[in-house]
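Colleague: Protein chains in written order, with this note's numbering: chain A, 1 to 438; chain B, 439 to 876.
Heads up, a few of these hints could be off.
Unchecked claim - Using 20 Å as the maximum straight-line C-alpha spacing, the simulated EDC-like pairs for lysine to aspartate or glutamate come out as follows:
1) B:Lys657 <-> A:Asp325
2) A:Lys219 <-> B:Asp763
3) B:Lys489 <-> A:Glu414
4) B:Lys489 <-> A:Glu415
5) A:Lys31 <-> A:Glu401
6) A:Lys278 <-> B:Asp763
7) A:Lys51 <-> B:Glu853
8) B:Lys716 <-> A:Asp325
9) B:Lys489 <-> A:Glu422
What the hints assert, rightly or not - To spell it out: a stretch of chain B is covered by chain A in this simulated footprint if at least three of its residues, at any positions, have a beta carbon under 8 Å from a beta carbon of chain A; those stretches are:
10) 565 to 571
11) 753 to 764
Please keep in mind that the hints were generated in silico from the structure rather than gathered at the bench.
Glycine included, every Cβ here is placed at the ideal spot set by N, Cα and C.
Protein chains: 2
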Amino acid sequence: MRTIIEHAWVLTMDPQNTCYKDGYVIIEGSKILKTGEGPSPLGGDRRIDAKGAILMPGMVNVHTHVPMIPFRTMGDDCQDRLRRFLFPLEEMAVTPALVYWGSLYGMAEMLLSGITTFLDMYYFEDQAAEACDKAGMRGILGETVIGQKTCDSAAPYGGLAYGEDFIQKWAGHPRITPMVCPHATNTSSPEYLQKTFAMCEKYDTLFTLHASEMDYEMKEFAENYHMTPTAFLDHLGILTPRTLLAHCIHMTEADLDLTAERGASVAHCIGSNTKAGKGVAPVKGMVSRGIPVGLGTDGPSSGNTLSMFTQFRLFASFHKTANHDRSLFAAKDIVRLGTSEAARAIGMERRIGSIEPGKEADLVMVERDSVNMFPCYNPFSALVYSAERSNVSRVWAAGEELVRDGTLTQLDLEEIRGRLWENMGDFIKKSQEFSSII
Amino acid sequence: MRTIIEHAWVLTMDPQNTCYKDGYVIIEGSKILKTGEGPSPLGGDRRIDAKGAILMPGMVNVHTHVPMIPFRTMGDDCQDRLRRFLFPLEEMAVTPALVYWGSLYGMAEMLLSGITTFLDMYYFEDQAAEACDKAGMRGILGETVIGQKTCDSAAPYGGLAYGEDFIQKWAGHPRITPMVCPHATNTSSPEYLQKTFAMCEKYDTLFTLHASEMDYEMKEFAENYHMTPTAFLDHLGILTPRTLLAHCIHMTEADLDLTAERGASVAHCIGSNTKAGKGVAPVKGMVSRGIPVGLGTDGPSSGNTLSMFTQFRLFASFHKTANHDRSLFAAKDIVRLGTSEAARAIGMERRIGSIEPGKEADLVMVERDSVNMFPCYNPFSALVYSAERSNVSRVWAAGEELVRDGTLTQLDLEEIRGRLWENMGDFIKKSQEFSSII
């Protein structure tokens, strides 16, 4: 099966930032066969005229908790929300069915906004994998290991045993990478941080966790260890090229040096960090040191939209303002943080993140007919400063067209929402116990 | 003509923040007749079932330069963009036809995102008024007075004479308020700041200008007058209840006290200010002093989207982060800055900005069927953290339904874009003289 997409403004996001203003991309099976300027030199089974549209790589969301759809718009403006009601409500009310339907809903939302690969951390992650298999997306799915009772384990650290079964079950899936991950630097004991890391080494996966995110986390590490969380991870021997640190809001200059030296990566969640008033991670210092940085939406409870466009716009505004420099992080560099650099941050840069022959056919078409997309002298500017989810018209993952005319081709959103809603009754009832807080 | 809207989640934005979860609003002619919970007690010529939708007041955009659509995505990341190419390109290439078609396009965009009232500052403002008359929106339209040659005046300050003709021509229009406005504190002489203010007094309009926006503006006033721009405006006797200061990024505590004391208002443009890396205005200090603050998109060249949803999300993120407090500015308070408080900032709070009997029937319906709008425990959170332009399904201004099913009822977007494009040839050609800059 060969599909020819022609007459698109192709942003390849390759290392040379090659763009074709009237370009073609040829998909063969699940891979990109050929790209170039002008009409396609080859014939195909299907030809798509993308005149007027932007064609970019499938976007890569390097940090989320996608099953958390049922929490969206709940207590957004509440102080210390994680410990005051997210943790207890999760433990009381999250079920396998909620995770399955919530995940499938969230994946539908990501696909509709042009995200084709995501890294997830949650509980009952086997259910998220089932949803990901059905959705046709690419998922790096981490079962959470945490030192407390959770919805899927009566004992602390139960995620480790759950996770090993989960890894063995999904090993070898072409689009799904199962793994385990500690929740955060301060919610697992040092021993379990190392045990979890050892399992990641054993199965040769990424090792990711929340790090340098919370004020109180920083304070605890200073008091207990006289070290930053980053230095402590290094002290434990688990700050490595397989390590992806999520958030990193409070990293010091020394932390940045150490992270660069050890070859670790960063998942930057500007939307959720700033909505919570937590602060702005020092991304300029990360990028200048060559640390791979990808953007993450965070979960729909924390970041609300599962759209990379929200992250692009917030990223531009926050980092230009933090550095008092409008020319810092030009739009083309920001799009990279949601595509090629994001792929590098999760170690998948040889397979995804750019439109190049031999890479996976993960592609997004953004229409320019909607009112917010005109004029478009600079497509990167349009993507960063103007575009929104609804401008995404077509999406391919692994060569499958999963979105056409802004609509899912293989999933039924109404049905998913209906099934999710059916399963939310008890969750909503239990959430009312927290009504004085939220 | 009486229209009944029923079964909506009505956010009245009245002083008590009354909401009706299954509410009705009755429109009679151009006004709101009655609102309440439950089914409508009165019959009507037309009944609209708004089940599942949010109904809110038409949004109020207190600062824009709507004719600047042709500049969008041009040189977004360029340093000192205003003086290096916006001013010269404007003077060289902006024509009455560009202003007319650019304005009409921008108004279409605002309507499609739920904005029904806007305050504009530009040149050839008579053309913007023609477009506003056609679009059916409510416009407070200011001809710019500036101490340099412009596209509509060979002599500096030509806007003053143009403006008086313009005011007289449009006086008494039910939706259009013509006025004049100085460009900024530092681009008009003190004498012309006062002359312009005198004309605003003569015709009893608002007096608005860019103030405390630029680093170099602050420096100039410190060097030349040993005063802040705010103090200087007061020194000239033109910081008054009719004064609306746009931007106010660099206001000091003393400036805030003085602004509150004089009863002046602020137009806060978080999107354009932060995209340019300029800084974050001290809005917490404004609101705590009772200064009326409204949100502005700024022009499509500076703010890119003409959507209030962009401002809501950025406002939340920036002010919570600046104050390190996620509970500051709850979502319901942010929606107020784009509706009732914005109306107060432009002195129109008795006519618009909330859904109350006797007020103008300016209404926006936001659908909740799109993927990003579920679940919705808190409609204010959904509007601030999740909603985007494309979720707007219906819009009424002065009782006229101007948007239905997310589409303009009275304007043809394709035609407007086509006519605008026809008129952009020379503009684009001249813009190429700045290609080394942008």
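Colleague: Please check whether the stretch 565 to 571 of chain B has three or more residues whose CB lies within less than 8 Å of a CB on chain A.
Modeller: With 0 residues in contact (Cβ-Cβ under 8 Å with chain A), the coverage given for the stretch 565 to 571 of chain B is violated.
Colleague: Against the 20 Å threshold, does the CA-CA distance of Lys219 of chain A and Asp763 of chain B hold or violate the hint?
Modeller: 18 Å, holds
Colleague: Three or more residues of the stretch 753 to 764 of chain B near chain A by CB distance under 8 Å?
Modeller: holds (count 9)
Colleague: Is Lys489 of chain B close enough to Glu415 of chain A, meaning Cα to Cα at most 20 Å?
Modeller: Distance ~19 Å between Lys489 of chain B and Glu415 of chain A Cα, so the pair holds.
Colleague: Within a Cα-Cα threshold of 20 Å, do Lys657 of chain B and Asp325 of chain A meet the stated pairing?
Modeller: Between Lys657 of chain B and Asp325 of chain A the Cα gap is close to 18 Å, so the pair holds against 20 Å.
Colleague: Hint check: Lys51 of chain A vs Glu853 of chain B, CA-CA at most 20 Å. Holds or violated?
Modeller: Between Lys51 of chain A and Glu853 of chain B the Cα gap is close to 19 Å, so the pair holds against 20 Å.
Colleague: Check the hint pairing Lys31 of chain A with Glu401 of chain A against an upper bound of 20 Å on the C-alpha distance.
Modeller: 13 Å, holds
Colleague: Please work out if Lys278 of chain A and Asp763 of chain B have their alpha carbons no farther apart than 20 Å.
Modeller: Measuring from Cα to Cα gives roughly 8 Å; hence the hint holds.
Colleague: What's the verdict on Lys489 of chain B and Glu414 of chain A, does the C-alpha distance respect the 20 Å limit or exceed it?
Modeller: 16 Å, holds
Colleague: Taken at face value, is the distance from the CA of Glu422 of chain A to the CA of Lys489 of chain B at most 20 Å?
Modeller: Given that 20 Å is the threshold and the Cα spacing comes to 19 Å, the pair holds.
Colleague: For a C-alpha distance cap of 20 Å, please report whether Lys716 of chain B and Asp325 of chain A respect it.
Modeller: 8 Å, holds
Checked against the numbered hints above, the structure breaks only hint 10 and satisfies the rest.
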